[in-house]
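*Asks:* Model the placement of chain F on the given structure of chain V, informed by the hints.
Protein sequences appear in the order of chains V and F.
For what it's worth, this note's numbering labels the leading residue of the first sequence as 1, then goes sequentially.
For what it's worth, this note's numbering labels the leading residue of the second sequence as 1, then goes sequentially.
For the record, the hints were derived by calculation from the structure and aren't laboratory data.
Since this is a predicted model, take the numbers as computed values, not measurements.
Heads up, none of these hints are tricks.
Lysine-lysine pairs mimicking DSS-like chemistry, simulated, CA-CA at most 30 angstroms apart: (1) V:K208 - V:K157; (2) V:K208 - F:K386; (3) V:K428 - F:K386.
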Amino acid sequence: MSIDAAARRDFERVLGVDDVISERARLRSYECDGLTGYRVIPGLVLLPRTAEAVAGAVRVCAAHAIPFVARGAGTGLSGGALPVADGVVISLQRLRRVLEVDPVDRRAVLEPGVTNLDVTRAAAPYGLYYAPDPSSQQVCTIGGNVAENSGGAHCLKYGFTTNHVLALEVVLADGSLVTLGGDSGEQAGPDLRGVFLGSEGTVGIATKITVRLLRTPESVRTLLADFPSVEAAGEVVSDIVAAGIVPAAVEMMDTLAIEAAEAAVHAGYTLGTPAALVVELDGPAEECDGQFEQVKAICEKHGCTRLHIAADAEERAAIWRGRKSAFAAVGRISPDYFVQDGVVPRTRLAEVLNRIAAMGDEAGLRVANVFHAGDGNLHPLVLFDAAAGETERAEELSGKIAELCVELGGSLSGEHGIGTDKACSMPKMFSEVDLAVMGRVRSAFDPAGLCNPGKLLPTPRLCGERPGKYRPHALEEAGVIERL
Amino acid sequence: MTTHDSTTHDSTIHPGGTAGPDGGPAAVPVARPATLAEAVSALAGSTGRVLLRGTGTATDWAGRAEPADLVLDTTALSGVITHNPGDMTVGVHGGTPLRELNATLAEHGQRVALDAARIDRGATVGGLVATADAGPAALVHGSPRDLVIGATVVLADGTAARTGGHVIKNVAGYDLAKLVHGSHGTLALIAEVVLRLHPVPPATATVRWPARLPEAARAAAAVLASPLEPSAVEWCGDGLLVRLEGSAAALGPRTERLLDLLGDSADGPPQRLAEVDAVAEWAEHAAVVDARPDDAAMLRIGCRPSRLPGVLTELVHELGASRVTAGLATGVGTMALAAEPAAVARAHEIVHAAGGTSMLRGRPAGSRAPGWGPAPSSIAVLRAVKAELDPEGRLGAGRFSPWM
Numbered sequence: 001m002s003i004d005a006a007a008r009r010d011f012e013r014v015l016g017v018d019d020v021i022s023e024r025a026r027l028r029s030y031e032c033d034g035l036t037g038y039r040v041i042p043g044l045v046l047l048p049r050t051a052e053a054v055a056g057a058v059r060v061c062a063a064h065a066i067p068f069v070a071r072g073a074g075t076g077l078s079g080g081a082l083p084v085a086d087g088v089v090i091s092l093q094r095l096r097r098v099l100e101v102d103p104v105d106r107r108a109v110l111e112p113g114v115t116n117l118d119v120t121r122a123a124a125p126y127g128l129y130y131a132p133d134p135s136s137q138q139v140c141t142i143g144g145n146v147a148e149n150s151g152g153a154h155c156l157k158y159g160f161t162t163n164h165v166l167a168l169e170v171v172l173a174d175g176s177l178v179t180l181g182g183d184s185g186e187q188a189g190p191d192l193r194g195v196f197l198g199s200e201g202t203v204g205i206a207t208k209i210t211v212r213l214l215r216t217p218e219s220v221r222t223l224l225a226d227f228p229s230v231e232a233a234g235e236v237v238s239d240i241v242a243a244g245i246v247p248a249a250v251e252m253m254d255t256l257a258i259e260a261a262e263a264a265v266h267a268g269y270t271l272g273t274p275a276a277l278v279v280e281l282d283g284p285a286e287e288c289d290g291q292f293e294q295v296k297a298i299c300e301k302h303g304c305t306r307l308h309i310a311a312d313a314e315e316r317a318a319i320w321r322g323r324k325s326a327f328a329a330v331g332r333i334s335p336d337y338f339v340q341d342g343v344v345p346r347t348r349l350a351e352v353l354n355r356i357a358a359m360g361d362e363a364g365l366r367v368a369n370v371f372h373a374g375d376g377n378l379h380p381l382v383l384f385d386a387a388a389g390e391t392e393r394a395e396e397l398s399g400k401i402a403e404l405c406v407e408l409g410g411s412l413s414g415e416h417g418i419g420t421d422k423a424c425s426m427p428k429m430f431s432e433v434d435l436a437v438m439g440r441v442r443s444a445f446d447p448a449g450l451c452n453p454g455k456l457l458p459t460p461r462l463c464g465e466r467p468g469k470y471r472p473h474a475l476e477e478a479g480v481i482e483r484l
Numbered sequence: 001m002t003t004h005d006s007t008t009h010d011s012t013i014h015p016g017g018t019a020g021p022d023g024g025p026a027a028v029p030v031a032r033p034a035t036l037a038e039a040v041s042a043l044a045g046s047t048g049r050v051l052l053r054g055t056g057t058a059t060d061w062a063g064r065a066e067p068a069d070l071v072l073d074t075t076a077l078s079g080v081i082t083h084n085p086g087d088m089t090v091g092v093h094g095g096t097p098l099r100e101l102n103a104t105l106a107e108h109g110q111r112v113a114l115d116a117a118r119i120d121r122g123a124t125v126g127g128l129v130a131t132a133d134a135g136p137a138a139l140v141h142g143s144p145r146d147l148v149i150g151a152t153v154v155l156a157d158g159t160a161a162r163t164g165g166h167v168i169k170n171v172a173g174y175d176l177a178k179l180v181h182g183s184h185g186t187l188a189l190i191a192e193v194v195l196r197l198h199p200v201p202p203a204t205a206t207v208r209w210p211a212r213l214p215e216a217a218r219a220a221a222a223v224l225a226s227p228l229e230p231s232a233v234e235w236c237g238d239g240l241l242v243r244l245e246g247s248a249a250a251l252g253p254r255t256e257r258l259l260d261l262l263g264d265s266a267d268g269p270p271q272r273l274a275e276v277d278a279v280a281e282w283a284e285h286a287a288v289v290d291a292r293p294d295d296a297a298m299l300r301i302g303c304r305p306s307r308l309p310g311v312l313t314e315l316v317h318e319l320g321a322s323r324v325t326a327g328l329a330t331g332v333g334t335m336a337l338a339a340e341p342a343a344v345a346r347a348h349e350i351v352h353a354a355g356g357t358s359m360l361r362g363r364p365a366g367s368r369a370p371g372w373g374p375a376p377s378s379i380a381v382l383r384a385v386k387a388e389l390d391p392e393g394r395l396g397a398g399r400f401s402p403w404m
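Chain V extracted, bound-state conformation (with noise of 0.2 angstroms):
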């Protein structure tokens, strides 16, 4: 701990003594977030109640040379909300207010600390809903769905948090309290909301949040398809893209991915079969019931094994519990596994899958494959045990997949960040000019480089001299903190 005695009496004086914490047991339990590997104890953790809190405690930082992480409920999995030892945690647990439904113009006014499913949960008594839908949505909060620009199964049609975020009050890195966008997608100057949007907490805190809601759709018509082959499933995907239907969803599980879910969740998903795409539409009930048929005679048409239709909302839910289940269900068929985030342009889907095999075979390990198949966002999970000395082999596989997404023409990260984690593999996407440039974005916002340093870019402190080559993490080798 290396907070100053000053700079700690001025926490508690712009907080309340309670609101700061400082005993070792408590800071335990935000020394990681999702991504568990790594993990790093804080000076202190600051519990703010109100945005002028949040603004205090950043100006307390500001004057103090301290560095800050923000932090909603800790589920990210790239370790965006990795602690820095001689910094705070600035946690927005206790901003959870929903501040305003308003179903007439049809958007919600939001503390960062709300969870994602809340909004939607506030929103349903109107008839309306919140659009993104991460796999974490009953306990990942809306701040953090702003920092990481979250996705989830529906983006395809309805795009991602930024696509949904009219307006948000930010406490800048010199505790300055501003709005970024407004009350419509139209602004006056450059969209510093959509820099903001996805920026992992490297540019501000958001405090206030105005999201878009949805009215939701008259009709939703699920599907659960079983294929021969990863490339019929991957096949009749391209078909429905190329028939101008645009599915709410469309989602890909393997063989591996589906004995994991069905061991967890016995959600009636096929043991054995090669691939099963769940496909959903929605929309009105004349459009939807319309397109629901093209896409049944395209899976038919694709040598379809076996066409599970949801008869009502019961089977809908049991289909997605299988779904949204398989990466804690992994767990149950390998003591330990990573999971990347890679996106691949779609049309590149089965070669990435054969490529992926064939290295999982090469490394000796299993990779279980869950995703996104409309928009081309592999969740590839490589299985090993730690116990057997394989850890370093599973995370050597684990990095060449993400880079093999960037080599195929795609991205290192799809919804999940750059983080600590990925942040040493940014040269093989990005040229170091591209990079620079991006670090003078950051310096306009934050120039004294105190909000959630050493995430997002690599810094020669943390990836050595040698962009994108593998080198342990500085703070690894000083045994500050640890991989599994």
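*Replies:* Chain F only, in chain V's frame:
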């Protein structure tokens, strides 16, 4: 290759007055790069103030451009770089006219789902992004910011930086495309743009409901609360236009439901327009939004949709606004105002007081009407970004006057 030449200032080429002060004649060199590399050289190899210009369809928007030492014309930086029909993405040079791009994409049953009024005048993709321009389809598809998935931008010193990529889902790195969206040529040249595409709907139907603004607003609210999922809801002149898109088979029943929901207005029954009439109505809407009167300034505003009718009514009553259109679902409205500075400043104030934003879009040559209302609360960040990316203040001087 880049062509450098000089052009005498001419209002048909520089309608906003880019060269001599107050439109006085002055020779301004023009660089017309045809490749990214040439664009880089043109900026890196020049000094002084630069005006970025595409086809010149929005040269007189926002703040008045101050005299420049160089015009960088993007019209040769044009054409498709890569189109992946199966992925529904396209990469283009920034100077590509969207009208031409959409004509090419239509052969594949695809489109860039953007219907800003000035597209038919030849507006470029880069220009549409730089001006954050959108049309009625924004109700479903948003602004250019929601369609751009990647870009290559060139800073004033010639630094070329890439952001995003060719996949629709991508959270790696800062989204620099958002930064140049609405930057009006002040932060960087938009040299290349990657866009996500949407299918061209198999069929569309438009219903016209004759009504004045307040009554139209109530009807629009009812349509938006229904499950009919309209793709555009606009009031223009003396009627509400509602557009539905979908399959030919489903559109008939959906349109019937819409007609039932609307019922008769005080001015008459709703009418499903024949296709040729629908095309004409939407063209007329675009023409009103995109009007360039000699004696008036055009203002575009955005606010909470429910406040829009009241704000527009106030602008009509107090300032005599005319040629009004109202995006009753998006909260975006347009109008013509007397081009006097005091009247336009008052209009900005009225919109701002309702929590909205406003921007001047077109004014008569020589008009001193202010381009913007009060500065946004984020102005300090905006200035800091400008200082980082264009420290010498070379690009787009005057565009954000008086804030920046």
